[in-house]
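Engineer: Given the coordinates of chain X, assemble chain U onto it according to the supplied hints.
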Amino acid sequence: MTAIDPTAHLTAEQIEELGRELDAIRDEVLADRGEKDAAYIRKVISAQRKLELVSRGVLLFSIFPPAWLIGTAGLSVAKIMDNMEIGHNILHGQWDWMRDPKIHSTTWEWDHVSPADQWKHSHNELHHTYTNVIGKDNDLGYGIMRVDEDQRWHPFHLGQPLWNFINACFFEYGIAAYDLELGKNLHKRRRKNPEFRARARAVGRKIRKQVLKDYVIHPLLSGPSFLTTLAATFTANLVRNLWTHSVIMCGHFPEGVQVFERRSIKGETRGQWYLRQMMGSANISGSKAMHFMTGNLSHQIEHHLFPDLPSNRYAEVAVKVRALFEKYELEYVTGPLPKQVFSAWHKVFRLSLPNKKPKVETPDREQELVAA
Amino acid sequence: MTSAALRSRAWKMLEMVTTPLLPSDYLDLVSPLRAGADLRGRIEAVHPETRDAATIVIRPGRGWRGHTAGQYVRVGVDVDGVRLWRAYSLTSPTHRQDGRVSITVKAIPGGKVSNHLVRRAKPGTLIQLDQATGDFVLPAAKPAKVLYLTAGSGITPVMGMLRDTEFDDVVMVHSAPQPQDVIFRDDLHRLVADKKLRLTELHTDTDGMLDISRLDELVPDWAERETWACGPAGLLDAAEEHWTAHGVRERLHTERFRPSIVAVGDGGEVTFSTTGKTADADGATPLLDVGEEAGVLMPSGCRMGICFGCVTPLKAGAVRDLRTGEITEAEPGVLIQTCVSAAAGPCDIER
Numbered sequence: 001m002t003a004i005d006p007t008a009h010l011t012a013e014q015i016e017e018l019g020r021e022l023d024a025i026r027d028e029v030l031a032d033r034g035e036k037d038a039a040y041i042r043k044v045i046s047a048q049r050k051l052e053l054v055s056r057g058v059l060l061f062s063i064f065p066p067a068w069l070i071g072t073a074g075l076s077v078a079k080i081m082d083n084m085e086i087g088h089n090i091l092h093g094q095w096d097w098m099r100d101p102k103i104h105s106t107t108w109e110w111d112h113v114s115p116a117d118q119w120k121h122s123h124n125e126l127h128h129t130y131t132n133v134i135g136k137d138n139d140l141g142y143g144i145m146r147v148d149e150d151q152r153w154h155p156f157h158l159g160q161p162l163w164n165f166i167n168a169c170f171f172e173y174g175i176a177a178y179d180l181e182l183g184k185n186l187h188k189r190r191r192k193n194p195e196f197r198a199r200a201r202a203v204g205r206k207i208r209k210q211v212l213k214d215y216v217i218h219p220l221l222s223g224p225s226f227l228t229t230l231a232a233t234f235t236a237n238l239v240r241n242l243w244t245h246s247v248i249m250c251g252h253f254p255e256g257v258q259v260f261e262r263r264s265i266k267g268e269t270r271g272q273w274y275l276r277q278m279m280g281s282a283n284i285s286g287s288k289a290m291h292f293m294t295g296n297l298s299h300q301i302e303h304h305l306f307p308d309l310p311s312n313r314y315a316e317v318a319v320k321v322r323a324l325f326e327k328y329e330l331e332y333v334t335g336p337l338p339k340q341v342f343s344a345w346h347k348v349f350r351l352s353l354p355n356k357k358p359k360v361e362t363p364d365r366e367q368e369l370v371a372a
Numbered sequence: 001m002t003s004a005a006l007r008s009r010a011w012k013m014l015e016m017v018t019t020p021l022l023p024s025d026y027l028d029l030v031s032p033l034r035a036g037a038d039l040r041g042r043i044e045a046v047h048p049e050t051r052d053a054a055t056i057v058i059r060p061g062r063g064w065r066g067h068t069a070g071q072y073v074r075v076g077v078d079v080d081g082v083r084l085w086r087a088y089s090l091t092s093p094t095h096r097q098d099g100r101v102s103i104t105v106k107a108i109p110g111g112k113v114s115n116h117l118v119r120r121a122k123p124g125t126l127i128q129l130d131q132a133t134g135d136f137v138l139p140a141a142k143p144a145k146v147l148y149l150t151a152g153s154g155i156t157p158v159m160g161m162l163r164d165t166e167f168d169d170v171v172m173v174h175s176a177p178q179p180q181d182v183i184f185r186d187d188l189h190r191l192v193a194d195k196k197l198r199l200t201e202l203h204t205d206t207d208g209m210l211d212i213s214r215l216d217e218l219v220p221d222w223a224e225r226e227t228w229a230c231g232p233a234g235l236l237d238a239a240e241e242h243w244t245a246h247g248v249r250e251r252l253h254t255e256r257f258r259p260s261i262v263a264v265g266d267g268g269e270v271t272f273s274t275t276g277k278t279a280d281a282d283g284a285t286p287l288l289d290v291g292e293e294a295g296v297l298m299p300s301g302c303r304m305g306i307c308f309g310c311v312t313p314l315k316a317g318a319v320r321d322l323r324t325g326e327i328t329e330a331e332p333g334v335l336i337q338t339c340v341s342a343a344a345g346p347c348d349i350e351r
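Those protein sequences? They're chains X and U, same order as listed.
With UniProt numbering applied, the first sequence closes on residue 372, and no number is skipped along the way.
With UniProt numbering applied, the second sequence closes on residue 351, and no number is skipped along the way.
I should point out that these hints are in silico values taken from the structure, not numbers from a laboratory.
Virtual Cβ for every residue (Gly too), placed ideally from N, Cα, C.
Any given hint might turn out to be false.
Below, simulated DSS-like cross-link-like pairs (lysine-lysine); rule was C-alpha separation at most 27 Å, straight line [said to hold, decoys possible]:
#	chain 1	residue 1	chain 2	residue 2
1	X	50	X	184
2	X	102	U	142
3	X	327	X	339
4	U	12	X	102
5	U	122	X	213
6	U	112	X	102
7	U	112	X	36
8	X	43	U	122
Some chain X residues judged to face chain U by a derived CB distance under 7 Å, without partners named [stated by the list, open to error]:
#	residue
9	37
10	38
11	73
12	100
13	209
14	255
Pulled out of the complex, with its shape left as it was, chain X reads as follows (with noise of 0.2 Å):
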């Protein structure tokens, strides 16, 4: 918890007044959802099969550099647009209203090594549920940064700019392994826990039908524009991890997001939560085009605060959002990509060292510390 609270200034009536206007919100749209809606998600996901169809077909002939720069830029587009726009937003349930059982939580599978079932646990209900509780939310620094003063620092993070960067490089199979929780389960015990192994056999077949996919089997079909075209996957997978990356970075780690501990969750009300919720993420500002790029996460706020709301609406619920925002004198963390990745970047360097200890500690957190 940073030093001042910044929500100090809220009684206990405002905070549950704040929870009823944000339900408001969501009902709104709930009461509007419709037709439309499904025509998006539907042309979203019929463009994507069709851009990445055409561009896997220009990369047949990637032997020649044209088609290799185009073949790479729409594949590394698709991607993009299956895991952010399509994936994430399936995967958390927010189509699953239109009981299409092809458009579903349930069914969906997407492009990239974590199967979908296990990144929904991690995801949707460990990190949506306890959003930046330091402990609790594994998303604060995927287990391999300190991202906030309260977290004990280690020799370890001083390189943990290195780590982020190589992370961002493999980020698919660093969330793959975070949903794993590998670091927890490889300890000798937990190894041979039957749970564990066939999750972990469940992630080998999935990586080993992506990478069959990417590495070899497009590869050779493409002939002689073998060696491009697994350079132009290579290159969009890279593409789309740096991309995923960065926006997923903008979401929480920004200067000016909150973080919890454990202690504060206790009793939460509905208002306390979505309080959190809002505190806890932030925003990136930009163009139409920027939006759909990041799946709407750049409506990080919103998403948080209604994450099984259609992604299409959060651009016109932001508006609502943050009205609130001012109202209740809150700070909405916003702005453009670079000054967002920039600043958790130096997020991640400044604390790479050890800071000296907040003066005023509260008591719980000292009993926190004693008990961990």
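Structural biologist: The following block gives chain U in isolation, referenced to the frame of chain X:
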């Protein structure tokens, strides 16, 4: 290697190319009605029949196995973006030259799908289909004398029969509120003019409901006829009683349209059909808690409706969303979030 084995191996290869999607996900973009695709149909025309009924002409996908006169088909239609399934009788003859089939739909007050199909359906729209089913059909051996006893939209399966098979001696007794409410009225009168049908048309707004004892007067030899009856439950109940009382029950074939009547209330008995457990639930306790309390292994996650880790099929009954108060009724394929849903009447959860 057999050709089937070869095909399946080729398909496996193709799956490796398209993973994590399936080849069909791409093929559906260009050819949703092809052989091997999930069964779908394309609406090709909508013909109004009465002020609240219309015939929907559908081109079924290649996987359509045809139907027998009198059968119905379940169709999945997207209404306001939500896929809803309903069953409608097929009204086209079984072997139309153009391979198309038709259903005839009467818009019922408040009916989401029927009103959508009658008033808003557009040619070109894709709908989902199941194979035709139902045993309200004609027998293989032609009966000498036939009676069709119908009312309202109960005419629809019978129209499928009339258009499919000609009999030497056919009588129909049909009830509808007013002449303009008689679906297929022109077709029926044309059959009468061609002497292919003897028709008694009753208009219940002026004549009152059909009194089954009047049948002796309308169709004196009714007991000798193989009879197919379709219409509201009242009519069918009366017919079954009448035929049984005269010892000719085996000559009567009935079709009941069963609109699932869901008792919506506050709480109710919850059946967990996979494990066979039941529990009483009030209208405020999440079904997840009810299930766990009853010792059912329930999938769970955030317990606040955000992670979708607890979604479970609702097989029967109705539930209420504890956040919005919205009621969801059971339909095939309906999944609910058990952590934010409470019983709204008796319901069946597949766990």
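Engineer: For a quick check of understanding: which of the numbered hints are violated here, in increasing order?
Structural biologist: Hints 1, 2, 5, 11, 14 contradicted; others consistent.
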